[in-house]
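Asks: The lines below spell out each chain.
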Amino acid sequence: MEFNLDLNTIWFILIGLLLTGYAILDGFDLGIGALHLLVKKDIDRRVMLNSIGPVWDGNEVWLVTGGGALFAAFPDVYATVFSGFYNAIIMLLFMLIFRAVAIEFRSKRPMKWWRQTWDVAFSFASILIAFIMGIALGNIITGIPLDSSKEYIGTFWDMINPYTVLVGITTVALFMMHGSIYGVLKTEGELNQKLKGWVNNSIIFFVICYVTTTMATLIYFPNMARHFKDFPPLFALALLNMLAIANIPREIHHGREFRAFLSSAASIASLLALFAVGIFPNIVLSNPNPEFSLTIYNAASSQKTLTIMLIIAAIGVPFVLAYTISIYWIFRGKVKLTNMSY
Amino acid sequence: MDVEILARLQFAITIAFHYIYPPLSIGLGVFMVITEGMYLKTKDKFYEQMTKFWVKVFALTFAIGVATGIVMEFEFGTNWATYSRFVGDVFGSALAAEGIFAFFLESGFLAVLVFGWDKVGPKMHFFATLMVALGSMFSAIWIVVANSWMQTPAGYHIVGEGMNARAEITDFWAMVFNPSSVDRLLHTISGCWLAGAFLVISVAAYYLLKDKHIRFAKSSIRIALIMALIASLFQLFTGHQSAVGVAKNQPAKLAAMEAVFDDQTHAPLYLFGWVNEDKQEVKFGIAIPSMLSYLIGWDANTKVTGLNSFPEDERPPVNIVFQAYHLMVAIGFMLIAISVLGVFLWWKGTLFKHRWLLWIFVFSVLLPQIANQIGWITAEVGRQPWIVYGLMRTSEGLSKAVQAGQVWYSLIMFTLIYIGLFILFIYLLNNKIQHGPEEADLIPSEIGHPKA
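Chains as they are written, first to last, in my numbering: chain A, 76 to 417; chain B, 15 to 466.
Calculated from the structure, these hints are not laboratory results. None of these values were measured; they are calculated from a predicted model. Careful: at least some of the hints might be erroneous.
Claimed, not checked - Counterexamples of contact, computed for chain A against chain B with all Cβ distances above 12 Å: (1) I85; (2) Y153; (3) K225; (4) I228; (5) I235; (6) F310; (7) P356; (8) P365; (9) K379; (10) I402; (11) F406; (12) K411.
What the hints assert, rightly or not - Below, in silico cross-link-like pairs of lysine-lysine (DSSO-like), each with a Cα-Cα straight-line distance of 30 Å or less: (13) K66(B) to K411(A); (14) K57(B) to K116(A); (15) K115(A) to K379(A); (16) K317(B) to K411(A); (17) K66(B) to K317(B).
Stated by the list, open to error - Just the calculated beta-carbon pair ranges, DEER-fashion: (18) I400(A) to K367(B): 25 to 35 Å; (19) K187(A) to M427(B): 52 to 62 Å; (20) D233(A) to R407(B): 25 to 35 Å; (21) F333(A) to H171(B): 23 to 33 Å; (22) D277(B) to V392(A): 47 to 57 Å; (23) V392(A) to G404(B): 34 to 44 Å.
For every residue, glycine included, the Cβ atom is placed at its ideal position computed from N, Cα and C.
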């Protein structure tokens, strides 16, 4: 297949970058949520919540903007996926609401039952959000039944199969690992020691899932590897991915948590890059009837809109990066609870 | 019920509930910029404490606004997929611009606003407050632009035929500045200012009635009253401009707003009434003769197009639009009356002496909220049966892959979850109000009480 860096490809990459930004940033706060119930003391739970306190809202904006950009650049993908995956998307929305509300309201009242309820909601929602997103990614790899007018013709249960569930679990494991490393960066004392133990456990959990998913993909969906066969230099990406993952326990072992976190972020980014190369130039594969697939060409907006959006992105993205970096800089270091904390 | 009714109900419920919160955030944002600006100028700690109290209320409204806002961003795709395919090329770019220019700005600086009091200096903190307030208004700009394009599409052409037809952008700025966007944006923003100002007035008046936090309350009311006076008078102007725009660009909507059935000059302006749509008459109504014609053209001979000039399947429901519109206008005048009265008594020096007025202040918080909601009902129901005026019918915009059962399920769940959220919101808001500002009145003003 011939590769041109045209507007459609640029937007495929840009939306990929937005979703990668989302996965790296919201990934660690979903991971903190997934681990939340393992922390027992109220004060420690508050530290966990406040480690993501100032940033989780901004992290979620990456998803919102990713959704908006998908709507603008590939309206057919937005329409097909969101209406086709109706039940899953609605469930995702409910979980995003529960999670936001749980974070906001948990520490507002002192009663034990109140806090316990919101803790469960927060943790359960975090896990389910990661799981649903994994299921969605899995379905993009397996392909979904589409008709000639780009409409989804399957049912909700068609989305659930051993492979998509496996990708869902892998996503949860990935975010748990990522979140536990972030937690180590933000905490002190006993909680910090506890989180360090979880880093090791979650790395093992993730690596098992990762290897299984990779094998399953290569065996059952060899199509994902075709560009790597056609253009071997791409294999560097796979190598980078494996090195990034292998580097995490090494950095942890040397007590360099920040570098471990960067390594974990790099493994998320390279995993998504492998995924993107695997599906290109399709965005949504149709299975059966691959001729009905939504590609970066037949599902895209006009060249004029893609150009306008590129200008908007060129103006906006430097600002976005500047805010994001400043916010993380301002709130660097260990969590200290104050009267404005959650 | 069929998918269309269910999907419309769901959109109506989710957007109406969402729209309780952004106006409060936008209005409170302006208020916080003023109070924190006064803190920077006077160095009086009192204003800092005052800002801190309203920041907590702001954070609460903002959190629910974001949580319910994500739903809106996804709902076009889930329930209105055919619409999304049709407008994505035009509408999507406004939505994406909102994400890039507004949401990142708001959510990033919100962290500093809420959690950054000890992390950054006062000037940087003020900058963050300013950016959050600006971000919330940018958000309003892009979303009103997108909605206005659905009312008065411009800067596009239709490409393809039948099932594959879609609107594609030809002129970005013509899309942004479509004939209704500026009027509707100003009208919406001043509605938001009113929502914020009257929340402040209401809470502060409650403190005065309870004889608590006196200095905080008086100071809050004074600042908010000025905001309310400016916004309510400006609302009269933008409301007029919007109505003239509707007369020109969406005559069927104007005809429904005033229940005009036959084309006429010297069209009357109803103060109130009840429309019988079958008999095409207004019952129990009182009207000012010729006033509608006069208002939209400054001339009683201005011709108003009646509903009968439109094919039957291109007319919006009349009574609901008529009622929503007239109640909104009535509330608009009430808000002007309350603001003017407040400022007048302030000038006379008796503002805080009348308990009846304080009670009116306490309940006044509901007025802008109701007006904002029914204003949108006027705008959106008045656009029916079109989802994009003149281009696509609401019934044509639905998702083909979604069944009625699925929408039933999500509709019921949204309703239950939102009722729960609302109860929680009121409970926590009440908690914050009962708790009050942190010792604001205990800290001596460094200006008023210089250290001896």
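Asks: Give a verdict on every hint.
Replies: Hints versus structure:
Once the 12 Å rule is applied to beta carbons, I85(A) is consistent with being away from chain B; the minimum gap is 14 Å. With a closest Cβ-Cβ approach of about 5 Å to chain B, Y153(A) is found to fall inside the 12 Å limit, against its non-interface label. Residue placement check: K225(A) does not keep its beta carbon more than 12 Å from all beta carbons of chain B (closest about 8 Å). The beta carbon of I228(A) sits about 7 Å from the closest Cβ of chain B, which is not more than 12 Å, so the claim that it is off the interface is violated.
With a least beta-carbon separation of about 16 Å from chain B, I235(A) lies farther than 12 Å from that chain, consistent with its non-interface assignment. Taking the minimum C-beta to C-beta distance to chain B, about 34 Å, the non-interface status of F310(A) holds against the 12 Å cut. The claim that P356(A) lies off the interface holds: its Cβ sits roughly 19 Å from the closest Cβ of chain B, which is beyond the 12 Å cut-off. Residue-level check passed: P365(A) sits 19 Å from the nearest beta carbon of chain B, beyond 12 Å.
Not every beta carbon of chain B lies more than 12 Å from that of K379(A), the smallest distance being close to 6 Å; the non-interface claim is violated. Its beta-carbon lying about 5 Å from the closest one in chain B, I402(A) breaks the requirement of being farther than 12 Å from that chain. Distance to chain B contradicts F406(A) as a non-interface residue, since its nearest Cβ pair spans about 7 Å, not more than 12 Å. Non-interface call for K411(A) relative to chain B: violated, since the shortest CB-CB distance, roughly 9 Å, does not exceed 12 Å.
Taking the CA atoms of K66(B) and K411(A), the gap is about 19 Å. The hint holds against a cut of 30 Å. Distance hint between K57(B) and K116(A) is unfulfilled; the C-alpha atoms sit about 41 Å from each other, more than 30 Å. Pair hint K115(A) plus K379(A) does not hold up; C-alpha atoms about 55 Å apart against a cutoff of 30 Å. Between K317(B) and K411(A) the CA atoms are separated by roughly 68 Å; this puts the pair beyond 30 Å, and the hint is violated.
Our distance criterion of 30 Å between C-alpha atoms is broken by K66(B) and K317(B), whose separation comes to about 54 Å. Between I400(A) and K367(B), the C-beta spacing of about 53 Å breaks the proposed range 25 to 35 Å. Hint check: K187(A) to M427(B), Cβ distance near 28 Å, so the stated range 52 to 62 Å is violated. At about 31 Å, the beta-carbon gap between D233(A) and R407(B) stays in the expected band of 25 to 35 Å.
Checking the proposed 23 to 33 Å range against F333(A) and H171(B) shows it is violated: the Cβ atoms sit about 52 Å from each other. Checked against the hint of 47 to 57 Å, the C-beta distance between D277(B) and V392(A) comes to roughly 52 Å, which is consistent with it. As the Cβ distance of V392(A) to G404(B) is approximately 36 Å, the hint placing it in 34 to 44 Å holds.
Hint check: violations occur at hints 2, 3, 4, 9, 10, 11, 12, 14, 15, 16, 17, 18, 19 and 21; the rest are consistent with the structure.
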